[in-house]
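Participant: Quick mapping for you: the protein sequence lines, in order, are chains U and B. According to the working numbering, the residues represented by the first sequence are 1 to 272, in order. According to the working numbering, the residues represented by the second sequence are 273 to 583, in order.
Simulated from the structure, these hints should not be mistaken for laboratory data. Quick reminder that beta carbons are idealized off the backbone N, C-alpha and C, glycines included. Mixed in with the good hints there might be a few duds.
Unchecked claim - What the simulated footprint calls covered on chain B by chain U, stretch by stretch (three residues with Cβ under 8 angstroms from a Cβ of chain U suffice, anywhere in the stretch; the number is not a length):
#, segment
1, 293 to 300
2, 336 to 348
3, 378 to 387
4, 413 to 421
5, 510 to 522
6, 544 to 555
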Amino acid sequence: MKRWDKPLIYLILSVGAILMLLPFLWMLSTSFKTIAESLQFPPTWIPQHFTWENYKIVWTKVNFPRYIWVSTVVTFFTLIGVLITATITAYALSWFHFKGREVVFVAILSLMMVPIPVYVVPLFILVQSLGWVDTYYALIVPWTVNIFGIFLLRQHFRSIPRDLYDAAVIDGCGRLRFLWQILIPLTKPALVTIAVFEIIGSWNAFMWPLMVTNSDHMRPIQVGLAYFAQGESTNYPALMAASTIVILPLIILFFLAQKQIVESYSRSGLKE
Amino acid sequence: MKNRIWYPLLLLLPAAVILGTFKFYPILSAFRLSFYDWGISGEKGFVGLENFRALFQDPFFWQSLLNTLWYTVFTVPLSIAFSLFVAALLNRGIRALGLYRTIYFLPVVTSIVAVSVVWKWLYDPQRGLFNYLLMLLHLHPLQWLEEPRGVFEMLLGHPLPTLLKGPSLALFSISLMSVWKSMGYNIVIFLAGLKNIPDVYYEAARIDGAGPWQTFRNVTLPLLSPTTFYVTIMTTIVSLQVFAPIWTMTGPPPGGPLGTTSVVIYYLYQKGFEEYQVGYGSAIAFVFFLIILAITVFQKTVLEKRVYYEV
Chain U
1 MKRWDKPLIY
11 LILSVGAILM
21 LLPFLWMLST
31 SFKTIAESLQ
41 FPPTWIPQHF
51 TWENYKIVWT
61 KVNFPRYIWV
71 STVVTFFTLI
81 GVLITATITA
91 YALSWFHFKG
101 REVVFVAILS
111 LMMVPIPVYV
121 VPLFILVQSL
131 GWVDTYYALI
141 VPWTVNIFGI
151 FLLRQHFRSI
161 PRDLYDAAVI
171 DGCGRLRFLW
181 QILIPLTKPA
191 LVTIAVFEII
201 GSWNAFMWPL
211 MVTNSDHMRP
221 IQVGLAYFAQ
231 GESTNYPALM
241 AASTIVILPL
251 IILFFLAQKQ
261 IVESYSRSGL
271 KE
Chain B
273 MKNRIWYPLL
283 LLLPAAVILG
293 TFKFYPILSA
303 FRLSFYDWGI
313 SGEKGFVGLE
323 NFRALFQDPF
333 FWQSLLNTLW
343 YTVFTVPLSI
353 AFSLFVAALL
363 NRGIRALGLY
373 RTIYFLPVVT
383 SIVAVSVVWK
393 WLYDPQRGLF
403 NYLLMLLHLH
413 PLQWLEEPRG
423 VFEMLLGHPL
433 PTLLKGPSLA
443 LFSISLMSVW
453 KSMGYNIVIF
463 LAGLKNIPDV
473 YYEAARIDGA
483 GPWQTFRNVT
493 LPLLSPTTFY
503 VTIMTTIVSL
513 QVFAPIWTMT
523 GPPPGGPLGT
533 TSVVIYYLYQ
543 KGFEEYQVGY
553 GSAIAFVFFL
563 IILAITVFQK
573 TVLEKRVYYE
583 V
């Protein structure tokens with residue numbers, strides 16, 4: 001029995017892995033085909049008439065460089081906002097004693113329970129009344145606080161011994177310098193976790209950008225792709241080239257920071 | 273620290289202003305507006321429970337709710353079963369663990385819109401890869417995303433009453449894609465949970481002569497139950513809010529064929545945003561929130577009894 005159980009495990013895992021990769025391989029394969037070849041039946045796995053044309057179409061005739069730019073700007077500023085608010089809020093809620101601190105913390109946490117769709121329509125009306133529709137403000141400002149991030153960072157801040165602060169104060173260290181030079185370097189893994197979730201979440205956001213952007217000029221990449229897919233519903237080679245372009249930055253990020261990303265996700269599941 | 277109250281309050285201010293303005297206030301508004309008649313022609317005043325009365329008599333709402341529940345009932349157990357199975361195999365001290373984990377995790381970081389576009393192509397009834405594979409196996413091609421018949425109907429081969437039809441094949445197809453997309457996340461969480469089970473338990477089981485299945489059933493499953501519990505609740509909450517694949521893969525208009533893929537959040541989007549029936553949309557949002565809460569509380573009370581917390 002022992003003799004065959006290891007090979008069997010490898011076999012099952014490998015078949016599963018191929019099934020996981022199949023959609024991506026098919027996407028890549030189609031993206032290099034001509035329309036005629038994509039409609040051929042039975043289909044071909046390796047494109048017979050290999051072409052870059054689909055990528056050229058997506059890059060020049062459709063506004064994909066612009067979509068990528070908008071998404072990059074939105075992701076960048078949302079990330080900065082989230083990291084700043086998470087740090088200072090968690091700092092206030094862990095290293096300072098004031099009346100009502102726990103009440104504030106519980107109030108913030110309970111807001112996390114309410115999913116976005118529940119309040120998305122009134123939020124849209126609010127943003128509209130501020131005149132923010134079709135601007136970066138609408139895409140960035142409402143999402144610059146991440147409650148999970150506050151929660152995670154607070155846990156990490158609290159685990160740092162108080163003696164450290166007393167020692168720092170004796171050395172004449174101010175409160176902000178203590179945060180910047182001691183707490184933040186010590187909690188880097190938590191900050192990386194927050195950044196990972198924020199980058200992936202921001203880049204992949206769909207429903208809200210769909211609501212607050214009207215012009216093609218202000219569309220982030222997911223909305224741009226969705227409208228492109230709606231308009232070109234039969235030109236699969238171009239759609240697959242577009243999907244590849246949308247997915248690629250995150251796949252590259254994933255391979256660069258694989259360990260941190262997987263660890264971040266696995267840490268998010270641990271109940272403290 | 274020194275008790276200067278203004279200092280921590282100053283630090284709290286940015287988050288408080290943003291959360292207050294862009295989360296707390298809209299939540300209160302959603303609650304308040306659900307009692308108002310606010311349609312395309314503007315706000316027309318307080319109408320009490322009128323929106324809720326209309327909602328409970330709205331067949332499209334009931335259908336979207338039923339679709340959402342079917343979608344969740346299929347996605348959650350399938351995703352958990354597959355990912356637990358893979359995680360258990362990955363935990364058997366195999367080589368190339370990192371490589372396998374990377375591959376299974378890949379769909380998690382990719383965007384749901386792009387993935388939906390790709391799967392729509394896979395599901396294409398005429399030229400899609402899945403129908404080609406079915407053909408290779410000498411099976412009948414399927415209509416996939418264009419099939420309004422329920423999966424139980426199709427299995428039995430004759431029509432069934434609405435509640436027993438099961439999800440349409442179209443909705444089930446989306447569910448399958450979600451299983452594929454979410455598995456990697458659950459695998460990683462399960463792997464972390466499995467690593468926390470001390471080896472002594474496995475050794476004890478081996479000494480007692482337990483086989484692999486008995487070990488899994490009597491050692492792994494009970495000791496893993498806190499993780500399973502967490503994964504179940506999280507996957508359920510996410511599944512109940514499905515939106516992007518519906519918008520991208522079905523239709524036009526989204527929700528088709530025959531409304532069998534219209535889910536609650538899509539219906540909310542349609543009413544509250546596209547048709548600008550703010551009052552009615554808010555009523556949907558409010559009822560939806562209560563449903564999520566009820567399901568979560570139900571899972572907590574029913575499932576948590578079966579969770580084995582190590583003492």
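Participant: None of the hints should be skipped; say for each whether it holds.
Facilitator: Evaluation of the provided hints:
Beta-carbon proximity to chain U at under 8 angstroms applies to 7 residues in the segment 293 to 300 of chain B; the threshold of 3 is reached and the given coverage holds. Chain U is given as covering the segment 336 to 348 of chain B, and this is violated because 0 residues of the stretch bring a CB closer than 8 angstroms to a CB of that chain, at least three being needed. Counting residues of the segment 378 to 387 of chain B whose beta carbon lies closer than 8 angstroms to any beta carbon of chain U gives 10, which meets the minimum of three for the stated coverage. Under the rule that three or more residues need a Cβ within less than 8 angstroms of chain U, the assignment of the segment 413 to 421 of chain B is violated, with 0 such residues.
Coverage of the segment 510 to 522 of chain B by chain U holds [criterion: at least 3 residues with CB-CB distance below 8 angstroms; count 5]. Note: the segment 544 to 555 of chain B has 5 residues with beta-carbon separation from chain U under 8 angstroms; the three-residue rule is met and the coverage holds.
Violated hints, listed in ascending order, are 2 and 4; each of the other numbered hints is respected by the structure.
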